[in-house]
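Asker: If you want the building blocks of each chain, they are given just below.
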Amino acid sequence: MIRLTGVHKTYGRATALDGLDLDVGEGEFFCLLGPSGAGKTTTLKTVAGLERPDSGTVEIDGEDMSTVEPYDRGVAMCFESYALYPHRSAYDNLASPLRSPRHRLPAAEARARITEVAELLGIGALLDRPVGRLSNGQRQRVALGRVLVRPARAFLLDEPLSHLDAKLRQQMRAELKALGAVRRTTTLYVTHDSVEALALGDRIGVIRDGRIVQTGTREEIWYRPRDTEVARAFGRPRINLLPGVVAAGGVFRSADGSLEVPVGAPVREDTEVLLGVRPRDLGLGGPGHALTGTVYVTEVLGRSVEVTVRLGGQQVSLIVPRGDASGLRADDPVRLTVRPENLLLFEADRPGRPGRRIGKSAR
Amino acid sequence: MSTGKRLSGVLADLALILYFVFALFPIAWMVILSLKPADQLFSTYFSFSPTLDGYRTVLGDSEGIPFVRFFVNSLVVSVGAVALSLVVGLPAAYASARWRFRGSENLMFTLLSFRFAPELTVIIPLFVLYQKLGLFDTYVGMVWVLQLVTLPLIVWIMRSYFADLTPELEQAALLDGYTRRQAFFRVALPLVKPGVAAVSLLAFIFAWNNFVFPLILTSNEAQTVTVGALSFLGGDRPKYNLTAAAALVSVVPPLLLALTIQRYLVRGLSFGAVKS
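Line by line, the protein sequences give chains A and B.
Going by full-length UniProt numbering, the first sequence wraps up at 363, each residue one higher than the last.
Going by full-length UniProt numbering, the second sequence wraps up at 276, each residue one higher than the last.
By construction, these hints were calculated from the structure, which means they are not laboratory data.
Note that the Cβ used here is the ideal one computed from N, Cα and C, for glycine as well.
Careful, some of the hints might be misleading.
Unchecked claim - Sample of chain A residues lacking proximity to chain B, with all beta carbon distances greater than 12 Å (derived):
no., residue
1, ASP72
2, PRO86
3, LEU241
4, VAL251
As the list claims (entries may be wrong) - Here are a few chain B residues that face chain A, going by a calculated C-beta distance under 10 Å:
no., residue
5, LEU112
6, ARG115
7, THR166
8, GLU168
9, ALA173
10, ASP176
11, ALA183
Unchecked claim - Estimated spans, in silico, between C-beta atoms of each pair:
no., chain 1, residue 1, chain 2, residue 2, range
12, B, PHE20, A, GLY124, 54 to 62 Å
13, B, SER104, A, THR10, 16 to 24 Å
14, B, GLU105, A, SER36, 24 to 32 Å
15, B, ASN106, A, THR217, 53 to 61 Å
16, A, ALA108, B, PHE185, 53 to 61 Å
17, B, ALA258, A, GLU63, 37 to 45 Å
18, A, ALA125, B, LEU59, 54 to 62 Å
19, A, GLU63, B, PRO118, 54 to 62 Å
20, B, LEU59, A, PRO106, 53 to 61 Å
21, A, PRO106, B, PHE185, 54 to 62 Å
22, B, PHE185, A, ARG111, 46 to 54 Å
23, A, THR10, B, SER113, 27 to 35 Å
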């Protein structure tokens with residue numbers, strides 16, 4: 001269990017963490033998602049005790065950590081830079097925690113444990129090599145292995161899959177979550193990749209400018225994003241956001257007047273808003289509100305097709321099965337449909353402040 | 001290849017040869033001088049009957065000048081100064097590379113100022129102090145005063161080595177369960193070994209070559225080769241051949257040292273080479 005309360009951290013004039021609150025449950029796999037510079041790594045290092053917060057508290061397993069040294073916190077961390085000992089072999093790097101005074105294992109047991117972890121990560125054949133002669137992907141797996149070889153109260157993983165090639169990353173993503181050690185251990189996992197966060201996280205925390213914007217299960221984050229930026233962070237292609245106002249009777253009217261959709265939102269008339277629809281929630285035909293436009297471009301993505309449609313002055317993208325989109329040409333008129341429950345309504349974005357979501361949950 | 005390029009290549013070679021002659025001539029001169037018999041010292045430069053008598057005299061403790069002892073003194077004092085500087089300087093360099101604290105930059109600058117302030121500015125007060133404290137003409141006194149030479153060198157150069165190491169390496173060691181001290185000795189220090197070798201050699205040479213401190217702060221017991229070699233110039237007749245032989249003998253230790261750690265020198269003197 002990890003709990004951060006009101007953690008502030010500045011470096012000179014730059015604010016890294018600005019009152020960060022975070023609660024990770026026992027045994028939970030928690031993904032921290034955010035752009036670079038949002039404070040993800042600082043958060044991990046604060047939990048590890050490598051950075052001291054200017055104010056705020058860090059608790060691990062209910063115990064205040066403010067006077068506990070990093071080596072006594074019992075957490076293991078995988079650094080984004082790997083931080084492997086360059087003068088030692090891959091084996092010695094993996095063995096390092098097991099030779100330390102606090103996690104020492106007899107040499108034979110350590111060897112068995114290291115071999116097991118190395119096999120799991122597919123680096124069993126590389127153990128004798130100096131880490132200088134490993135590829136980045138291999139180094140990253142050694143770094144992950146150094147975390148997994150030892151028991152820990154928490155694993156702190158800083159983009160541990162970022163340097164693997166696409167295929168291996170997908171495979172390791174699946175395996176990582178299934179590992180016994182990871183399932184049993186509280187894990188705080190940092191990433192900038194929303195697909196990774198959705199795939200791995202029991203819960204996800206979205207971090208921005210040193211603050212947690214939203215935490216929740218993947219469903220909560222996906223269906224009830226707190227603001228436009230969270231909505232934009234998840235899903236490729238990105239969510240469609242159409243600017244407009246709420247007119248009389250709770251009807252959304254797009255900025256150019258070409259589009260009217262009833263949204264029944266509890267807002268004053270003439271409020272400037274953004275209407276959000278995810279590309280996979282738009283269909284060609286079927287029940288729901290209808291929007292008419294013309295095809296701009298289509299792009300085949302294997303079994304499905306990404307269609308970009310012009311609605312008045314706006315473009316929206318949608319993903320439909322290939323069968324539905326066959327025969328669509330540029331400039332063909334199309335009728336798009338969306339179920340009312342899949343519509344998201346946001347306040348208009350203002351500079352430096354993304355628009356909040358309005359209204360009750362869509363689900 | 002064009003003739004122009006070839007010509008400039010030849011010219012460059014010529015220039016290098018000229019410089020080579022210029023740089024090596026004093027050494028050649030010393031070798032010749034050291035091989036001259038005493039009665040031919042002032043004869044034509046290149047025609048004499050060569051003899052090793054000069055070396056025999058210098059190493060044989062004759063003429064009433066204990067050159068061998070000066071030589072041993074130099075070794076003891078230089079090695080001692082470098083060793084003490086390493087013991088004090090490596091942790092200091094590491095600390096100053098990793099932590100900024102109030103006055104840390106001033107402290108570092110003060111240390112550096114020992115190097116650029118002429119030794120002569122402090123030598124008189126030091127002389128008085130050493131007389132009073134009983135450090136005059138002792139090993140301890142010499143090792144101590146040579147810290148002014150070796151310590152700033154070691155701290156400043158090693159600081160840049162440590163600064164080039166990412167702190168995440170030691171942080172990883174902390175999370176592996178090692179204390180800060182163990183992280184320093186097991187992770188940081190082994191990675192700057194080439195730097196330690198290179199800077200130790202440099203410091204040794206600076207300490208070995210120092211002239212002013214032993215000149216003023218020693219008289220006999222702790223006197224070193226740099227001052228000792230000059231003793232042959234005293235007396236009724238300057239014995240240039242003995243001074244030359246003594247000087248050449250005193251070149252041997254730094255030279256041998258440089259050759260043995262040459263492997264590290266190449267890596268060590270190219271700063272930043274320790275990055276992975």
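Asker: Are the hints correct? Go through all of them and say.
Answerer: Going down the list of hints, with the structure as the test:
no.: 1; hint: ASP72; verdict: violated, 9 Å
no.: 2; hint: PRO86; verdict: violated, 4 Å
no.: 3; hint: LEU241; verdict: holds, 39 Å
no.: 4; hint: VAL251; verdict: holds, 55 Å
no.: 5; hint: LEU112; verdict: violated, 25 Å
no.: 6; hint: ARG115; verdict: violated, 30 Å
no.: 7; hint: THR166; verdict: holds, 6 Å
no.: 8; hint: GLU168; verdict: holds, 4 Å
no.: 9; hint: ALA173; verdict: holds, 7 Å
no.: 10; hint: ASP176; verdict: holds, 4 Å
no.: 11; hint: ALA183; verdict: holds, 9 Å
no.: 12; hint: PHE20/B - GLY124/A: 54 to 62 Å; verdict: holds, 56 Å
no.: 13; hint: SER104/B - THR10/A: 16 to 24 Å; verdict: holds, 20 Å
no.: 14; hint: GLU105/B - SER36/A: 24 to 32 Å; verdict: holds, 30 Å
no.: 15; hint: ASN106/B - THR217/A: 53 to 61 Å; verdict: holds, 54 Å
no.: 16; hint: ALA108/A - PHE185/B: 53 to 61 Å; verdict: violated, 26 Å
no.: 17; hint: ALA258/B - GLU63/A: 37 to 45 Å; verdict: violated, 55 Å
no.: 18; hint: ALA125/A - LEU59/B: 54 to 62 Å; verdict: holds, 60 Å
no.: 19; hint: GLU63/A - PRO118/B: 54 to 62 Å; verdict: holds, 58 Å
no.: 20; hint: LEU59/B - PRO106/A: 53 to 61 Å; verdict: holds, 58 Å
no.: 21; hint: PRO106/A - PHE185/B: 54 to 62 Å; verdict: violated, 23 Å
no.: 22; hint: PHE185/B - ARG111/A: 46 to 54 Å; verdict: violated, 24 Å
no.: 23; hint: THR10/A - SER113/B: 27 to 35 Å; verdict: holds, 33 Å
This entry does not satisfy hints 1, 2, 5, 6, 16, 17, 21, 22, going by the numbered hints stated previously.
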